[in-house]
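S.K.: Residue numbers (the numbering used here), protein chains in the order written: chain A, -6 to 349; chain B, 4 to 131.
Keep in mind that the hints were calculated from the coordinates and are not lab data.
Be aware that one or more of the hints could be misleading.
Computed list of lysine-lysine pairs in DSS-like fashion (alpha-carbon distance at most 27 angstroms, straight line) [said to hold, decoys possible]:
| hint | chain 1 | residue 1 | chain 2 | residue 2 |
| --- | --- | --- | --- | --- |
| 1 | A | 183 | B | 71 |
| 2 | B | 49 | A | 217 |
| 3 | B | 71 | A | 293 |
| 4 | A | 217 | B | 71 |
| 5 | B | 98 | A | 183 |
| 6 | B | 62 | A | 183 |
Derived coverage of chain B by chain A (criterion: at least 3 residues anywhere in the stretch with Cβ under 8 angstroms from a Cβ of chain A; other residues may be distant) [said to hold, decoys possible]:
| hint | segment |
| --- | --- |
| 7 | 38 to 50 |
| 8 | 55 to 61 |
| 9 | 68 to 75 |
| 10 | 80 to 86 |
| 11 | 101 to 109 |
Ideal placement from N, C-alpha and C gives every residue a C-beta, glycine not left out.
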Amino acid sequence: MEAQSRSAFTPFQAFGEAVQEAARRMVPIELRGHDAPGGHTPYDVVATRGPVRLLYYAPRGERRFKTPLLIAYSLINRYYILDFMPGRSLIEYLTGQGHACYVVDWGVPTGADRHKTWGDYTLGYLGMAMRTIKAREGIERVHLFGYCMGGTLAMSYGALRPEGIASFTAMAVPVDFHEGGLLAHWTQPKFFNVDALVDAHGNVPIWLMESGFRFMAPLTNVTKWRDLWAGRESEGFVDTWRQMERWSADNVPFPGEVYRQYIRDCYQRNVFCRGEMVVDGERVDLKNLTCPVLVVLAEKDNIVPERMAMAITEVVGSNDVTVRTFATGHIGLSSSSKAPKAFWPAISAWLAAHDA
Amino acid sequence: MSTRIDPNALKNAWTEWFAGLGHLGQGPASQVYKEWETWFSVQFEKLANNETFLGTMAKSMESNFLLKSQFDRMMETSARALRMPTSGDIEQIHKRLDELERRLDAVLTRLEASATKRPTPKVEKGEG
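Using the sequences and the hints, build the whole thing.
M.R.: Here you go:
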C-alpha cells in the first residue's frame, strides 16, 4: 500500500480494501483477472535502486546482434504488458530474434518516492540502467526503446545524454501534448489543479488514476463483460481476457513530483514538445537526439492519438526517421494477437539494420 | 490448456448477473442495447467536453484535496505538540537522501566521461 496516503484516512481505506477483496473472492476464478500470471519470460535482475529494477532478458538461442536494447515502459500500470502472454510477448519475440533486452521495471513507488523528480527518473534511474548495461556488455552505445509515457522519459534522457544512444524507438510516445485528446482537455489548468493534488496526496493514489482512466472510456466497464460472454467458448479467449484484466487492474501510484512536472510542463504548457523543458537545471533540447529514430504508431490509439505521437518527427534532430503505422490500438501494439506477425517483425528488422 | 467458462457450473448472484449481461449481445435485447450504447456514447462525449460539468468537477476535486491537506496539517501540528516525529520529518530525510543520490549520479557521470576521454597509454618496449 502506498505509504504516502497513510493518515487518519487509513482505517477507512483499509475497510474499503477489505470489502473489495471480499467481493473479489465471490467471483469465480474463470472471471477473475487479478490473480492471472503476469509476465512469463525468464529474466535476471542486474541492478536495483529504490523501487526500480533493471531486468535482463537474454536472447533465446544465438545472440545475433551486438547492441542491446534498453526498454522503458510508462509509470502508469506495469512493464509486463511487454511480456503479455506466451506467443504474444514483445520481449519474447525480440529475444527470440537474437536481441538482448534490458527492461526497466519502475516498481511500486512509496511515500519515500514522492519527492523524486523527472530528473531522478531520467538522469538517475535511466542513467543507472545505461551505466550498468555498458559495463556488463563492454559497449559504448545502447538502443533506447520507449513505450507510451516511458518513451517521453526515455526521449528526455536521450536529449540530455545523447552520446550513449545508438538508436531511439518511440512506440506510441506522447510528444505534442496539446494533441492529447480528452486527457489534454481535462488537464487544462482551469479544470485541473495539479499542485493541490500533489500537495494533498504526494504520490497520485491508485484510485484516482483508475477513476480517471475509467471515466475516459466508461462503456468498457460494460462491454468487457459482454465480450467475455461472447467469447467464453473460444479457444484462448478467457485466458487472454483474464491476463488483460490483471494487467489493467495492476495500477501503481504515480510519483508525486514527477506527476506535477509531467502535467504542468507537458500537458498544460507543452514545453516538452518545444524543447524547453528543464530537468535538473538542464534544458531538454530534443534537437540533440540525432541518432536514427523509429516511430511506431497505432491507428486507433485513443490514449496517444497519432498526431500527438507523430510530432516527434518534427522535433528531433535526427536525419534518419522511419515511421511505421499499424492498424491497432494503444495496447494492441504490445499485446495484439496480430502483433507477432504483423507489427513486431518490422521493429526487429529496423533494429537489426541499425546494429553496430 | 485454455480456460473455458461453463455458465451452468457457475451459480451465484454474480454469475447470474454476468449471464444476463451476456444476453444483451444476443436476441431481441441486442438491438435495444446497441441503441443504448450509441446514445450513451453521444451523451458521454457531450458531458466529457462540457465546460460547466468539468468546472464543477474541478472545484469539487480541489476542495477535496484542500480539505485533506488541511486535515494532514492539523494532525502534523498535533504530533509536533506531543514531540512526536511526523511524516514531514521523514520526508525531509528522504529529500536529503534524494539529494545525495543526485550528487552521486553526477560524480559517476563525470567519472564515466573522463574514463571515455582518457587517451590509451602508449606502451613502450624497453630494451633489456
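S.K.: Next, verify each hint and record whether it holds.
M.R.: Here is how each hint holds up against the structure:
For a cut-off of 27 angstroms, the pair hint linking residue 183/A to residue 71/B stands: about 21 angstroms separates their Cα positions. This hinted pair checks out: residue 49/B and residue 217/A have alpha carbons roughly 23 angstroms apart, not beyond 27 angstroms. As the CA atoms of residue 71/B and residue 293/A are separated by approximately 39 angstroms, the hinted pair breaks the 27 angstroms bound. Restraint check for residue 217/A and residue 71/B: the C-alpha separation of about 34 angstroms exceeds 27 angstroms, so the hint is violated.
A distance of roughly 30 angstroms separates the Cα atoms of residue 98/B and residue 183/A; the hinted pair therefore is violated under the 27 angstroms criterion. As the CA atoms of residue 62/B and residue 183/A are separated by approximately 10 angstroms, the hinted pair is consistent with the 27 angstroms bound. A stretch counts as covered by a chain when three or more of its residues have a beta carbon under 8 angstroms from one of that chain; for the segment 38 to 50 of chain B and chain A the count is 4, and the coverage holds. Chain A is given as covering the segment 55 to 61 of chain B, and this holds because 4 residues of the stretch bring a CB closer than 8 angstroms to a CB of that chain, at least three being needed.
Coverage of the segment 68 to 75 of chain B by chain A holds. Counting CB-CB distances below 8 angstroms, 6 residues qualify, and the rule asks for three or more. Remark: the segment 80 to 86 of chain B is not confirmed as covered by chain A, as 0 of its residues place a Cβ nearer than 8 angstroms to a Cβ of that chain, below the required three. Restraint check on the segment 101 to 109 of chain B versus chain A: 4 residues with Cβ-Cβ distances below 8 angstroms, three needed, restraint holds.
The structure is inconsistent with the numbered hints 3, 4, 5, 10, although it conforms to all the rest.
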